[in-house]
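Model the full assembly from the supplied sequences, consistent with the hints where possible.
Heads up: the sequence lines are chains A and B, in that order. For the first sequence, position 109 matches number 109 in the working numbering, and the numbering has no gaps at all. For the second sequence, position 53 matches number 53 in the working numbering, and the numbering has no gaps at all.
Everything labelled a hint here was simulated from the structure, so no lab data went into it. Take these hints with a grain of salt, some might be off.
What the hints assert, rightly or not - In silico negatives: residues of chain A with every beta carbon more than 10 Å from chain B: (1) 78; (2) 102; (3) 106; (4) 139.
Claimed, not checked - Cut-off 20 Å, straight-line C-alpha distance, at most; resulting in silico cross-link-like pairs (EDC-like, lysine to aspartate or glutamate): (5) 128(A) x 87(A); (6) 213(B) x 76(A); (7) 213(B) x 230(A).
Stated by the list, open to error - If you want the ones that stay clear, here's a sample from chain A, every Cβ over 12 Å from chain B, calculated: (8) 66; (9) 107; (10) 115; (11) 220; (12) 229.
Please read these numbers as outputs of a predicted model, since none were measured by experiment. The beta carbon of each residue, even a glycine, is placed where N, CA and C say it ideally should be.
Residues per chain are reported as follows:
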Amino acid sequence: MTAPLLTLSGVSTFYGAIQALRDVDMTVNEGEIVTLIGANGAGKSTLMMTICGSPRARTGSIVYDGRDIARLPTHEIMRQRIAQAPEGRRIFGRMTVYENLLMGAEVSGQTDIPALLDQICDLFPRLKERLSQRGGTLSGGEQQMLAIGRALMARPRLLLLDEPSLGLAPLVVRQIFGAIRTLNRETGLTVLLVEQNAHQALRLAHRGYVLVNGAITMAGTGADLLARPEIRAAYLEGGG
Amino acid sequence: MFVTRLAPVRPDVFARPVRTEGVEALAYALQQLINGVTLGMIYGLIAVGYTMVYGIIGMINFAHGDIFMVGAFLSLISLLGLASLGITAVPLALALTLLFAAGLAALYGWTVERVAYRPLRGSFRLAPLISAIGMSIVLQNFVQVGQGARVKPMNALLPGGIELMNEGDFAVQLSWMQIAIVATTLIVLTAFTWLVTRTPLGRSMRACEQDLKMAGLLGIDTDRTISLTFVIGAALAAVAGLLFLLYYGVIDFFIGFLAGVKAFTAAVLGGIGSLPGAVLGGLLIGLIEVFWSAYFSVEYKDVAAFAVLILVLIFRPSGILGRAEVEKV
Ligand SMILES: Nc1ncnc2c1ncn2[C@@H]1O[C@H](COP(=O)(O)OP(=O)(O)O)[C@@H](O)[C@H]1O
Ligand SMILES: [Mg+2]
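See the structure below:
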């Protein structure tokens, strides 16, 4: 078996004196969709951001594509074809949709911008009609599409998605999850997906991890986790 | 107290007796408009640097006015040096001086950020401000020690001008110098606008300005972008320094203080963080200052400019073109 694309070993992250991640071990294989579920405040976003070096892991290693990236500055990590659509979307509200997309591609050195743009617009046709509109004027769902599209403009090998469904109508959520599945199947894109409401995420993902108070408490295939009663109680049936 | 230490203003620019009759009054007002726009352009160029730095890292770079002063000195040194080399063709001398002063001042700006601000990033909010005040004092003293405290005069490079109107004993003058100042400012600001709106660097700067963390997540080297923001701001301030030197013909190590405060006022007036706002604010401050001097009293021109600032802050705290801004750290 080939080595995983991403391996976290013994990762702990702190905000000042507060420990947000406790000794996290996790792997993501090439071509997989892995989901991370957990309650609000469990440390999911912290884990995603720690992979990107902001905040930095205080202990442990983060090996990506055979190289420990835990001590690299954020911009260098993101130039290794890791892209994140972060929590809260973080669209540049005073830039056009087109400029937002360009931001995704430019710094990672992509040259074939028109082809990339076409791909994104095929995936999210609603963006195509709004390329010259300001990011801040988009609806929540469109902003999420833009955030994902912007991340995809870097042609990532590893895509980090932090709660892409938050606050969106069910139809839009289905659309976005459909896009993630398509990308994974057709291009082999590796995805690490954070979700608070876990049902759809576990159905979409190959494997999942459960984070409680900054520590991984369970891991397994999506179907396996879906079937466990404690997961059902905590995250699926009115919990979370 | 600082007013008396400022370089004396050329008597032909300000403080004519007020004209009140008909066409002559109009001519007089037109002259003030020309003078105000010229001065406003200089303030606008400096204000852009304040507003850019504030936009990107949310700090007031109190040393920026002194970078402007350093730019004026570099310009003087360059012009004298070129003259001693026999390069006296005015357009060539100006172009070379512009490059020299902007380039070296940019290096000053880069160094100040590197030495005094970057190590404090992530520290408590006031730390970089205090450090900036320190850098301002350092630059002033550095120039005072290196160049002397006396006022440095320079011969007018471009004497003369166009007489636009002649009414009674009052002639409306548009000097070559004023034309050169306005033209240079417009060219520089056009290039700057192109840089910010059309180039990858400009996009990176705007991305950092809007969301520094997200910019980092997109692979932008945010430290480098911040450095370049200081570099560009300093270069623009040096251009303003050159123009100030040409316009007033005298500089000293203290000109950065008052010009800096005025330009900062301009940036706040226009809406701090807004680039067009900085230029607009600069023009307004220049006009207020000149018109107040012309119709009321030269002594109180600074008071007038700051009074307008206070009024704006009371009635429109985010400035004329500013957004109601969330607090930045
Ligand atoms: N910038 C920060 N400074 C201090 N504490 C933080 C910061 N961000 C998150 N935290 C804390 O870290 C913990 C995990 O937060 P987070 O990773 O956002 O959780 P999740 O994404 O699972 O909701 C929470 O207790 C939160 O309050
Ligand atoms: Mg979160």
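Quiz item: Given the proposed pairing of residue 128(A) with residue 87(A), does the C-alpha separation stay at or below 20 Å?
Solution: Since the Cα atoms of residue 128(A) and residue 87(A) sit roughly 23 Å apart, the hinted pair is violated (cutoff 20 Å).
Quiz prompt | Distal placement of residue 106(A) relative to chain B, Cβ over 10 Å | solution = Violated: least Cβ distance 5 Å, not greater than 10 Å.
Quiz prompt | Verdict on residue 229(A) as a residue remote from chain B, using beta-carbon distances over 12 Å | solution = 37 Å, holds
Quiz item: Is the Cα-Cα distance between residue 213(B) and residue 230(A) 20 Å or less?
Solution: Outside the cut-off at roughly 36 Å; violated.
Quiz item: For the pair supplied as a hint, residue 213(B) and residue 76(A), is the alpha-carbon distance within the 20 Å limit?
Solution: 14 Å, holds
Quiz item: Is it correct that the beta-carbon of residue 115(A) has no partner in chain B closer than or equal to 12 Å?
Solution: 19 Å, holds
Quiz item: With d taken as the least Cβ-Cβ distance between residue 78(A) and chain B, does d exceed 10 Å?
Solution: For residue 78(A), whose nearest Cβ neighbour in chain B is about 4 Å away, the distance does not exceed 10 Å, so it is violated.
Quiz item: Is the nearest CB of chain B more than 12 Å from the CB of residue 66(A)?
Solution: Consistent with the label, residue 66(A) stays out of reach of chain B, its closest Cβ about 20 Å off (over 12 Å).
Self-check item: Check on residue 107(A) being off the interface with chain B, judged by Cβ distance over 12 Å
Solution: The claim breaks: residue 107(A) does not keep its Cβ more than 12 Å from every Cβ of chain B (closest is about 4 Å).
Quiz item: Is residue 139(A) truly not at the interface, in the sense that its beta carbon sits beyond 10 Å from all beta carbons of chain B?
Solution: 19 Å, holds
Practice problem: With 10 Å as the threshold, tell me whether residue 102(A) passes as away from chain B on beta-carbon distances. | Solution: Not fine: 7 Å to the nearest Cβ puts residue 102(A) too close to chain B.
Quiz item: Since residue 220(A) was said not to touch the interface, does its Cβ keep a gap of more than 12 Å from each Cβ of chain B?
Solution: 30 Å, holds
Going down the numbered hints, you'll see the structure goes against 1, 2, 3, 5, 7 and 9, while the others check out.
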